[in-house]
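Colleague: Here the protein sequences come in this chain order: A and B.
The numbering used here numbers the first residue of the first sequence as 66 and each following residue consecutively.
The numbering used here numbers the first residue of the second sequence as 47 and each following residue consecutively.
A few of these clues could be false.
Unchecked claim - Coverage of chain B stretches by chain A, computed from C-beta distances (three or more under 8 Å per stretch; other residues unrestricted):
no.: 1; stretch: 50–62
no.: 2; stretch: 107–118
no.: 3; stretch: 233–243
In case anyone wonders, no lab produced these hints; they're calculated from the structure.
Backbone N, C-alpha and C define an ideal beta-carbon position, used for all residues, glycine too.
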Amino acid sequence: MSDLCIETKNLTKQFGQKIALNDFSLNIAKGGIHAIVGSNGAGKSTLFRLLLGMESPTSGHSKLMGGFSESLSAKERGRIGYVNEEHTLPGWMKVEAVKKLQQSFYPQWNHNIYNQVIDHFDVDPKQKVSALSRGERAGFNLSMSLAQRPTLLILDEPTLGLDVVARQSFLEALMFAETEDDMTTIYCSHQMEEVERIAEQLIIMEQGRLTNNSTPEDFCKRINYWVTDWDNKKPKDKEIPGFLSRRVIDGRQHILTVDQGDNFSGYLKEQGASDIHQLPVNLERAVNAFLTANHKKPENLPEYS
Amino acid sequence: MLALFKAEFNRYRYWAIFALVQHLFVLSFLAKLGPILEPLNNEVTLLIIVLCFAFGFVQMMLHKRKNHWVFLLQRPLDASKIYLALALAGIMNVLIVVPVAWFVMVIGFDHFTDTIIDMRHYSFGLFLAAIGVFTYLIGSLAALSASRFSVLTGLGLFVVFQSTSEYILLQSSIALMVILYLLYLNIGSFKPDLSQPLKSRLATVMLALPMQMMIVTLLLLSTQLFYHLPKFMLTSNPSELILEGTIDYWQDLPAEERVKFLVKNSNLENKTWLARQAELASSGVINIHTRRFSKKGQYPFRDKSFSMEDKANNNLWVFSHDEMLLQGINKKTGKVVGFVGLNGFIENLSTVHNNDRFNLVPFLLKDRFIVTENTVYMMDFEAKELSVKVNVPNGEKMVGRPQFTEGFVSMVTNNYTYLYEPADMFAHFDLAFPAYSLAHPTEISQISRVDTYAMVDGFLLIYMGNNYYGFDKPGAEIIYAKRDNGIQNIYKMFFEKHNDPVLIRHFEYLISPFLHTLDAMIYHTLKAYPVEEHPLTTVISGVMPSLVNLVALILHLLSIVIVFWLSRLINLDTKKSRLWLIMTGLIGIPALLSFVFINKVKGNIQVKPGLKKSVLSKRLNSTLS
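Excised from the complex, chain A in its bound form (with noise of 0.2 Å):
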């Protein structure tokens, strides 16, 4: 029996010209919260679908929990949870009716668990689910998911486009709910404040790639945040090794480096910086500056000055 919730092998996917995924490989230990996170098209929906066997690969393969994504047999779908950023259910039916009817597919169904989630949301059975706002929606989708009692949930971007009160009220339920000891759940945010809360494991994706799968503390330690004075004589962007993001602020540059040792202050210092300092990043800084730094943009674009 593999430890291996998920398995990715050089997994490709290209729609006509497009490569969506890249050379692909990732893998995922059971049990835990795993992020991931990656700027729009970094390919994590397509991910997701090609786990789920919803697409087939270009190249490579997949599996999930030591079945091959393609393959799934009923029984190996039954022990995965899946919330989409639409939360799609039936809207013509009732939200009581939709329960009982995915609750008919479940001997494992905890109906604890549901109750548990359902009361963080103001949600009255007897409504139909498309009468249900977004995030009660949400909430009511959570729910299903994990009354399942999945071995693996995935939560792609469950939060998109919820308010405030209805993310607060989406993560406490996931938080707090009874789920079983060896779930894995996977959760896909943009928002890094949900990633930082719960996330144990940070799996970045851009353009398709794998460029991180580490702890979030792991991550923040790539990140390096320099803040120091820099006479005209300045390196060009480019030029600098693992550059992410230069500001000026106050006329003091604040520079963002990835995987730059202590050392590096050795080479500002050689490039004419003086009065140098590093400073601790929080983690959403340093995905954000991490994800925009591969940004596409206009090639004539000057440099902040």
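Based on these hints, arrange chain B on the given structure of chain A.
Modeller: Just chain B now, with coordinates in the frame of chain A:
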């Protein structure tokens, strides 16, 4: 599965009830305009076909939306069971709309009007239901299949489905088989990754074969574009499109000029006289292949043409399939006034014997004639008597109904054409004898039509057909039937010239000799339409011109090579490649095209890993796009 079925059924149940009410409204409205049970209400059937197709398509497209699809599939239930739950719910809704409305109408007619309602009218409701389910499944397949050309498969099956067989059991069995066929294809297509072609080889063949039959039809239509349209555009005068000296040219001539054209190069001594006489004579046409006798319970029903009106007594006599008798109903009171069987009038059903009942549904003509395969009866409503007007000689049987024209009445049997004086036919109680008995000059299957000219001393008849002197040998033959001087075959005309080149004339065969033969065999088995026009023997007897066979062979070989090359290009697995090569070996170009459609060759060439974009593949992509 049951829970999913219920949820899906409930989703559409109000729509179904709404559509049922609308359907009833349409049928009631049509009933006001005319008798709804005849002819088979094509407008309503067409509406059923369109709506059921649309329903199947929309239902599955709604589920196919990305996140909805994951929600649907991501549950501990096999994909096949999920599909069955959805499809059964859809079918239940179709059944609410289609047959229920029909049954309501038929029951209404049966109980509240004097219309004769047979079991076949009720069972036709089931056939309508089958049409609804069938088209629903085509819609569903069109939405689910990885190949958008699967709609061609649906159309190909529809051609088989709608062919009216004279055997009701055969027709029902075909309907059921075709529905199961489509269900199997739908289940195969309903899989998590909808972009992938069918996995099973059997399903691949099942998807491809009807598609290939439709491809043949489309290729045939394409001759309009690459041959007929350019020909039309390059010709200054449209009349030049038909070449002089061809049978088409001759048939296009006015009736009075046809004899002149035929005999102008003959050695007949009296050709000028014949031509002049034909010019002055009144002309007519005897159709050889008319509608055949219907069998008990056969669809479609045209009840009006199987009824006679006794105006003097205000009675309507309609043929009842259930009784295989004519049943008379008083139009005013709605009461049954009696029955007519092979042995005459019958007061009530309790006195009917089996030998009174008709074997086939007779034609009812001119409000007095009852025509069976062997006998023409004449009714006298006043005297309540049935007299025999014509007895077909032993060993012969009528191939269609008698044709009443101005100067004569014609009857065509399998061996003879008989011409009767109208006065003889309408004379009471007397047996009518033919004025002329003309043995068919060739096989009846080779005759398409007979032109008649009433001469001063008899009839001039021109037998003709595109295969009159054998396969692809059009011709005509003039026969002079003189009143006193017997029958003379006076001239034979061979049309050596053809309007279109041989490769266009036999284009269907050229595309795929196998499918051409299969098509003929299917229709022969179904006896679906006048098969005489498509004699099986011409297909399999090897009479095709050698050029056609040669080109067909070259196209076959070329198709095999291209399929082999394409299957390598898209890395198709060995078993599937072998299957496609065998299919292409049998079927030719249609198999090649269906290979491209089903395996989405264009897309797969672009995305296959490790594939270097050679100049060749780039060129192929630009060709395909």
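Colleague: Hint compliance check: list the failing hint numbers for this structure, sorted ascending.
Modeller: Result: no hint breaks.
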